[in-house]
Amino acid sequence: MEKRGLIQRQEATLLDLRSYLFSRQCTLLLFLQRPWEVAQRALELLHGCVQELKLLEVSVPPGALDCWVFLSCLEVLQRIEGCCDRAQIDSNIAHTVGLWSYATEKLKSLGYLCGLVSEQGPNSEDLNRTVDLLAGLGAERPETANTAQSPYKKLKEALSSVEAFEKHYLDLSHATIEMYTSIGRIRSAKFVGKDLAEFYMRKKSPQKAEIYLQGALKNYLAEGWALPITHTRKQLAECQKHLGQIENYLQTSSLLASDRHLTGNEREYFCREILSFASQQAGSPGHKIVLPMHSFAQLRDLHFTPSNAVVHVGGVLSVEITVCSQMPVPVHAEQIAINVHFSIEKNNYRKTAEWLTKHKTANGIVSFPAETSPFPTSQNSLPALELCEMFERSPSDNSLHTTGIICKNVHVLLRKQESGASLEAPSGAALEAGAHVLKCTAVTLEPGPNAITFRTQAKEPGTYTLRQLCASVGPVWFVLPHIYPLVQYDVYSQEPQLHVEPLADSLLAGIPQKVKFTVTTGHYTVKNGDSLQLSNVEAMLILGHEENRAVIYSNMREKASDAALRVQSSDKVTSISLPAAPAYHVIEFELEVLSLPSAPATGGESTVLGMTEPHGKHKDTQKGGHCMATMDHKVSIDCPWSIYSTVISLTFSMPFRTTHSLLSSGTRKYVQVCVQNLSELDFQLSDSHLVDTGDSTDLQLIPLNTESEQRIHSRQAVFFVWELKWTQEPPPSLHCRFSVGFSPASEERLSVSLKPYTYEFQVDNFLTLYSVRAEISPPPGTELCKTGSLCSLEVSITRLSDLSDADKDEALTEREDYFSTKLMYEVVDNSSNWAVCGKSSGVISMPVAARATHRVHMEVMPLFAGYLPLPDVRLFKYLPHHSAHSSQLDADSWIENDSLSVDKHVDDQLDSGSVQSRGSTRSVASSEHKGLPMPRLRALPPGQAFNASAGTQVLVIPSQDDHVLEVSVT
Amino acid sequence: MGWILVTSATVILFLQNYPLYIRSVPTENELKFHYMVHTSLDVVDEKISAMGKALVDQRELYLGLLYPTEDYKVYGYVTNSKVKFVMVVDSSNTALRDNEIRSMFRKLHNSYTDVMCNPFYNPGDRIQSRAFDGMVTSMMIQVC
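Here the protein sequences come in this chain order: A and B. Its first residue numbered 1, the first sequence is counted upward by one per residue in this note's numbering. Its first residue numbered 1001, the second sequence is counted upward by one per residue in this note's numbering.
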């Protein structure tokens, strides 16, 4: 109230006026039950006054203002507390806490000012200042003088002794921290805590300070505040140094030494701290201090040589890493090591040479993501969201009923945030003791990037994974606990192998062919004198040349050297002496081999073809025989590295396919041999011979071939013809051997003489027994045949020879020196030019005597106009029924024709058969009568029947009343 | 998320309490500003959570005075995407009233939007835009 008087007397100072106004406001607000506004306004007022005093440059003794603020804060707080109950105060801490912290702050600065915050206690200057301040406070107000506790008393007490100050300051600080924490203002609480820590450090009780510093640091780290982190770490380092927590101190020091926010000198200081510690402890081995690597140095990239990181057993692998040293000064590391985890690859195939050549990483450099150095915890390390669309369709009508976005890596994102808090923890920086370590000793790491090369000789095959990187400086080990992304190299071991493969697609028999030998040495070292022993195969020769050379390649397919190859042949073994080659190399050489062109035995490949042979059959064999005949030669090779021999099968193909056929012209006989070249090469054929291997001496083979040398082009055929002549009765069968010399047309000179190609075959029943002649004559009275009008067909079958061996079979019947045989004839017109009227087939009894002739008349009707070929006349032997043989006649064609004909007589078993078959399905006709005694038919061998009218044509003119003229020209 | 602008002082932009951009003009006391801004985030959080109850469209982005200290005033602003701008102003600078601060924040917000529109900018990275720097500098000069 005296202030009111002062104002009335106009003697009030600015501060007095303010105080007065504020006290009135307070009274009003308290009346209004708004005590919280008082706290806020008090804070504003105090700030404002302090500002204004500064602006007005009012001179006050140091600390006086702080005393005033401190007292004011506490007074206001006391006043507020006085009018509210506990619960209200607790629920409104948010409003009052500002005042509390302000008061704490002020008390702290007073403490520093008066030398109360130090180990030694205040000096005389400090004491003087304290006395001044205490005097400046004046006497306590009478209102509070009697209370035991008042802000005035508190301040006075606090300033009067070190212990009291400590007590009051701690009380205030703890109260403030508690309040901040309770309303969730963690950051503010940490900040006050840091002040407290500073205080403790001053009082030389670092163990108490540490917890506050750690708390604050954790908070800053989690939120990525670089400067506060650095500052707090510095404080922490000092604290840890006092506490003697060597490991923690060194760790903090290493972090500080790499901190870019510090000055060079400071960083150097912390670095030296580490180094000096390391040198001190160098004498006492055994004790290791493991620190995380990332503050010391960062792994940037890694480079393998060979670049695919695959090496054979015994090979040398080098790993070059680039490490970026974070230290401000060069650091000498005694050893840098990479711990390697070894695992045996189960699937051994993957580690072989084939795999090696396919699998190649891009130039062998592995880069590591640079750690975000200023923000070790930073948000940047959060992985990006992986979103994908999701459509769900209803199964019934495929309409869209749900759609959405799915975050695929939720688990990663969520886990990151949780674990973000515990980053400072030295997470598993444990040293892994592994048997496999890549080492590099005495390395000086300059600040910035350093390249370090590790060399290792691969020992056991398997996969090696680089796990840890550690650098040791004395007893201090900097460890990178996990190298990520995963880096590994493979060591493989390979068995020596021999591959033999033809140079071309297929090997041709009869001419020298090149075969490539590939020796993959694997783990075996080929010495001088090692040789491959090839067991000889009779039909295959190995041709050794003087100029044979072997080329040695390294594992990476680089040519290493070449050397001459010595091939020695004895009658059983061919020995190839290999040039000396180191392990994991490849020796390649080529050899020429020659397989003898032995023709396949007659039968399978070549069929006996005659002129009268049905056409369809011919085609079939052609289709089937389009590929070359092959021969396999098995060679067993003894390799020096193995006690077992390797058996290699070489397949040779015959370049030729040969067929033969017997041609007849009346009674004259010709043998035709057709040589087909199936290969891609052209050949020169020479010296063709056909010899009779039988014993008949009176047989003559007269070659009709004019040229002695002939070129046979790829995929073409050459025919050779011989006329067969005999003087006496010829043998029923003829054994022939065809041989022709051949050589590749492209090569001028061959070092070896080539064996001729031979082909053996047999011709049976080549004598002509019957001549069949067909003739068509126009109807009487007309000159030419007309379409639609019946013409007569006369077939005359003439026996050309007397009884011979070929006739002796079941069909032959003997009756008093008179021999006859049953033949069946059949008129077939496959091209449907003719309609056969009446019986198209019949059985005749043919006397076995020369000149015996049988004539058959029948009527045919031309269906088209033009020159028509005559219908075919076929002859069969008609054998009496015998057991349950089904007819040898091609049932289909026979019945087909039969159904065309008009059946008249049922005099024959054959006919009755055909009548029956007409009702049922044709194809099963013969099988239905399997049980019945059926006569059999046998086609005459092609040489025995000669069709004299083959190729004859008859002119047919169209009938006049035809409006449509159909002309068939065949 | 936020900013600081100390009178001729610092601008910080945070994302999830990570500073995205810090700038202070009297650089000698930077550490103090950092501590101050960091502490003021408590109040920002408090204000935002109190505001969260209000309807979205009625939300005032400007948070007002966060935290007066003896020498400085700390103002806050939060964007709809919860990027916080914090500005620290010298208390002695009486020319700066609420309205000026508000318009400065709006300018910062516009500029920040431009930065975000840059397709090469990854949200969450520190801001290194020259245009943004220039704008902040001009604002600080104006304040001095």
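No wet-lab data here; the hints were simulated from the structure. Virtual Cβ for every residue (Gly too), placed ideally from N, Cα, C. Among these hints, one or two may not hold up.
[As the list claims (entries may be wrong)] Derived DSS-like pairs: lysine-lysine, alpha-carbon spacing no greater than 30 Å straight-line:
(1) A/Lys218 <-> B/Lys1047
(2) A/Lys786 <-> A/Lys725
(3) B/Lys1032 <-> B/Lys1082
(4) A/Lys241 <-> B/Lys1047
(5) B/Lys1032 <-> A/Lys208
(6) A/Lys234 <-> B/Lys1032
(7) A/Lys54 <-> B/Lys1032
(8) A/Lys167 <-> B/Lys1047
(9) A/Lys408 <-> B/Lys1032
[Stated by the list, open to error] Just a few of them, taken from the derived set where beta-carbon distance is under 10 Å, the chain A residues facing chain B:
(10) Leu46
(11) Lys54
(12) Asp90
(13) Ala94
Now for the hints, and whether the structure bears them out:
1. With a C-alpha separation of about 24 Å, the suggested pairing of A/Lys218 with B/Lys1047 holds against the 30 Å cut-off.
2. Between A/Lys786 and A/Lys725 the CA atoms are separated by roughly 44 Å; this puts the pair beyond 30 Å, and the hint is violated.
3. A hinted pair counts as satisfied when its Cα atoms are at most 30 Å apart, and B/Lys1032 with B/Lys1082 qualifies at roughly 25 Å.
4. For the hint linking A/Lys241 to B/Lys1047, the alpha-carbon distance of about 41 Å lies beyond 30 Å, and the restraint is violated.
5. Note on B/Lys1032 and A/Lys208: the hinted pairing holds, with a Cα-Cα distance of about 24 Å set against a maximum of 30 Å.
6. A distance of roughly 15 Å separates the Cα atoms of A/Lys234 and B/Lys1032; the hinted pair therefore holds under the 30 Å criterion.
7. Straight-line distance between C-alpha atoms of A/Lys54 and B/Lys1032 comes to about 20 Å, which keeps the hinted pair within the 30 Å bound.
8. This hinted pair does not check out: A/Lys167 and B/Lys1047 have alpha carbons roughly 34 Å apart, beyond 30 Å.
9. The suggested pairing of A/Lys408 with B/Lys1032 is violated, with an alpha-carbon distance near 42 Å, which exceeds 30 Å.
10. Taking 10 Å as the C-beta cut-off, the interface hint given for A/Leu46 holds, the closest approach to chain B being about 8 Å.
11. Taken as an interface hint, A/Lys54 checks out: its beta carbon lies about 7 Å from the nearest beta carbon of chain B, inside 10 Å.
12. With a least beta-carbon distance of about 17 Å to chain B, the hint placing A/Asp90 at the interface is violated under the 10 Å criterion.
13. A hinted interface residue such as A/Ala94 counts as satisfied when its beta carbon comes closer than 10 Å to some beta carbon of chain B; here the least separation is about 8 Å, so the hint holds.
Going through the hint list in order, the structure does not satisfy hints 2, 4, 8, 9 and 12.
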